[in-house]
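Read off the chains here:
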Amino acid sequence: MIRFFELYGKRLLTAVGVHFLYVVVSVTIAFVVAILLGVLLSRVPRWARVILPLLSIFQTIPGIVFVGILFLYNGMVPSTVIIALTIYAIFPILKNTYVGILEVPDEYIEAAKGCGMSPIQTLLQVELPLAMPVIISGLRMSTVYTVSWAVLAAMIGLGGLGELIYAGVSSNNNTLILGGAISAALMAVGFSLLIDLLHKLVLPRSLRRDAL
Amino acid sequence: MILFDHVSKKYGDKPVLNDVSFEIGSGEFVVLIGPSGCGKTTTLKTINRLIEPDGGNVFIEGEDISQMDKVKLRRSIGYVIQQIGLFPNMTVEQNISVVPKLLKYDKARCSKIVHEMLELVNMPYEEYAHKYPYEMSGGQQQRIGVLRALAASPPIVLMDEPFGALDPMTRSILQDEVRRIQRKLNKTIVFVTHDMDEALNMADTIIFMDAGQIIQKATPEEMLENPATDLICNFMGKRVAENEAPQTAEDVMRVSFYATSISRGVRESVDLMARKGVDTLLVKNPDETYAGTVSVKDIKKYGKEYKKIEALVTRENPVCYIDEDAQTSFDMLANGNGNYVVVLNRDETIAGIITRTSIAKALADVVWGDSE
Numbered sequence: 016m017i018r019f020f021e022l023y024g025k026r027l028l029t030a031v032g033v034h035f036l037y038v039v040v041s042v043t044i045a046f047v048v049a050i051l052l053g054v055l056l057s058r059v060p061r062w063a064r065v066i067l068p069l070l071s072i073f074q075t076i077p078g079i080v081f082v083g084i085l086f087l088y089n090g091m092v093p094s095t096v097i098i099a100l101t102i103y104a105i106f107p108i109l110k111n112t113y114v115g116i117l118e119v120p121d122e123y124i125e126a127a128k129g130c131g132m133s134p135i136q137t138l139l140q141v142e143l144p145l146a147m148p149v150i151i152s153g154l155r156m157s158t159v160y161t162v163s164w165a166v167l168a169a170m171i172g173l174g175g176l177g178e179l180i181y182a183g184v185s186s187n188n189n190t191l192i193l194g195g196a197i198s199a200a201l202m203a204v205g206f207s208l209l210i211d212l213l214h215k216l217v218l219p220r221s222l223r224r225d226a227l
Numbered sequence: 076m077i078l079f080d081h082v083s084k085k086y087g088d089k090p091v092l093n094d095v096s097f098e099i100g101s102g103e104f105v106v107l108i109g110p111s112g113c114g115k116t117t118t119l120k121t122i123n124r125l126i127e128p129d130g131g132n133v134f135i136e137g138e139d140i141s142q143m144d145k146v147k148l149r150r151s152i153g154y155v156i157q158q159i160g161l162f163p164n165m166t167v168e169q170n171i172s173v174v175p176k177l178l179k180y181d182k183a184r185c186s187k188i189v190h191e192m193l194e195l196v197n198m199p200y201e202e203y204a205h206k207y208p209y210e211m212s213g214g215q216q217q218r219i220g221v222l223r224a225l226a227a228s229p230p231i232v233l234m235d236e237p238f239g240a241l242d243p244m245t246r247s248i249l250q251d252e253v254r255r256i257q258r259k260l261n262k263t264i265v266f267v268t269h270d271m272d273e274a275l276n277m278a279d280t281i282i283f284m285d286a287g288q289i290i291q292k293a294t295p296e297e298m299l300e301n302p303a304t305d306l307i308c309n310f311m312g313k314r315v316a317e318n319e320a321p322q323t324a325e326d327v328m329r330v331s332f333y334a335t336s337i338s339r340g341v342r343e344s345v346d347l348m349a350r351k352g353v354d355t356l357l358v359k360n361p362d363e364t365y366a367g368t369v370s371v372k373d374i375k376k377y378g379k380e381y382k383k384i385e386a387l388v389t390r391e392n393p394v395c396y397i398d399e400d401a402q403t404s405f406d407m408l409a410n411g412n413g414n415y416v417v418v419l420n421r422d423e424t425i426a427g428i429i430t431r432t433s434i435a436k437a438l439a440d441v442v443w444g445d446s447e
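Protein chains in written order, with the working numbering: chain A, 16 to 227; chain B, 76 to 447.
Among the hints, erroneous ones may be present.
Unchecked claim - Computed from the model, here is a short list of chain A residues facing chain B with C-beta under 7 Å: (1) C130; (2) V217; (3) S221.
Don't read these hints as lab results, they were simulated from the structure. Given the structure is predicted, the values throughout are model-derived calculations rather than measurements. Virtual Cβ for every residue (Gly too), placed ideally from N, Cα, C.
Using the sequences and the hints given, assemble the complete structure.
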């Protein structure tokens with residue numbers, strides 16, 4: 016164990032850092048884009064009934080295929096990885112935003128209108144806050160998935176924890192494989208806990224899961 | 076003042092409002108009532124433009140609301156819905172200050188309003204202001220729902236079956252509270268319900284609707300007295316039936332009374348009064364017809380001079396016939412002519428008497444229904 020850190024410590028640290036950045040950057044972009052799209056779709060549920068199933072089919076294309084194709088067009092730059100991860104991370108958040116907003120009971124929308132809220136005020140003060148628990152659970156799903164998809168970055172030589180795993184596989188070095196895999200797993204758990212914390216900080220006690 | 080001028084609304088081919096015109100005065104408590112689908116809720120929602128009419132106009136204080144900004148209009152009208160609709164992501168304080176905040180009142184003013192509002196329904200600020208809706212009972216939630224509607228002091232408040240989901244006890248408490256608040260703050264309230272008790276209890280004016288039209292607009296008393304159609308009678312239920320035929324003297328008189336014959340002696344009559352605990356007796360002629368009354372007061376005064384009561388019999392007490400309207404007897408008693416009215420059959424024999432107690436009982440029957 017100690018020998019592992021002596022040997023690969025520095026390499027592991029860089030890999031964890033790069034991996035972490037990939038996840039944070041792409042999930043953040045995905046979160047913003049997904050909420051915007053989700054809100055737009057919720058205004059026109061008729062389109063959503065077509066667009067969402069299409070997106071979910073797209074989601075079934077293996078990440079490795081998509082990264083490969085994007086690599087051909089975009090080259091070996093970090094933005095290739097970020098774009099691919101972002102696109103994959105959008106869908107769970109988008110779907111939950113849409114569903115979360117649509118599930119807000121009519122009585123609250125009617126009350127908001129009756130109080131004299133404009134559509135944008137209704138969205139910001141009532142619909143989004145009420146949809147937030149569902150949106151956050153979409154965010155959790157996205158983040159955990161992205162941690163594992165980011166392993167693919169190494170496939171096109173762009174680092175991250177995948178690099179350790181690939182190196183381990185090609186050199187038959189089990190320690191290296193485990194080092195990368197366990198770090199990735201720990202990172203996923205870490206993000207999940209972080210989002211739990213966010214859930215507690217952002218939501219009023221009336222909207223936390225234990226209250227509902 | 077709210078004015079509906081030939082307002083119509085259709086959903087597809089089905090008319091829900093059919094040329095509706097009426098007027099609501101300032102400070103009036105108006106209840107819209109009728110069977111489901113009669114258009115009462117649609118009428119209510121055209122006032123704050125949650126529903127736009129297809130034809131006709133609605134005016135508030137002389138201004139055509141279709142020309143006003145929807146959002147501004149709604150901020151100037153309170154709105155309470157049946158499902159309560161308190162925002163679950165907001166505390167009581169935040170819920171009450173929704174409209175003041177939309178109107179960009181500063182923090183101090185909002186906080187002052189919240190304090191005043193909670194005081195209005197006797198819910199201490201410290202205890203309730205920071206609770207979330209799910210932490211309160213349905214009755215408490217709807218109190219806050221009403222306060223949210225009142226917070227920005229709108230002159231008009233719309234209520235759409237606000238107490239429909241509450242238990243009967245809570246409902247009647249809230250009815251009284253809303254009525255009290257309405258009088259205190261002098262609001263114009265338009266209130267939708269399908270419960271006639273609620274309407275009679277709260278309304279200054281009841282507007283009865285059916286099939287998108289107004290069938291009758293009247294005060295609760297008028298509607299009880301002269302319901303315009305059978306449908307309204309049905310809604311009123313028993314309360315109207317009691318009132319249909321005017322009561323006759325026979326309906327309200329009591330038949331237990333104490334009579335004596337004109338040929339009896341004074342001493343004998345005093346004994347009878349003492350035994351029965353009364354201070355007057357009805358006196359019959361030998362042929363059983365009514366002769367008059369004799370009172371213990373007169374006997375005390377003159378009794379020693381006479382052996383027979385004949386000389387003491389008076390006809391001072393008011394008299395009526397059995398088939399006459401009870402109202403006449405009530406009036407005679409109310410004007411202080413004697414303590415009771417003697418009711419006679421058409422053959423001049425005694426049928427019964429009407430006392431003040433009979434009046435009270437007859438009134439009670441009207442108010443609470445025929446209990447026995």
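Checked hints:
1. Contact between A/C130 and chain B, as hinted, is supported at the beta carbon level, the nearest pair being about 5 Å apart and thus within 7 Å.
2. With a least beta-carbon distance of about 11 Å to chain B, the hint placing A/V217 at the interface is violated under the 7 Å criterion.
3. Restraint check, A/S221 versus chain B: the minimum CB separation of about 4 Å is within 7 Å; hint holds.
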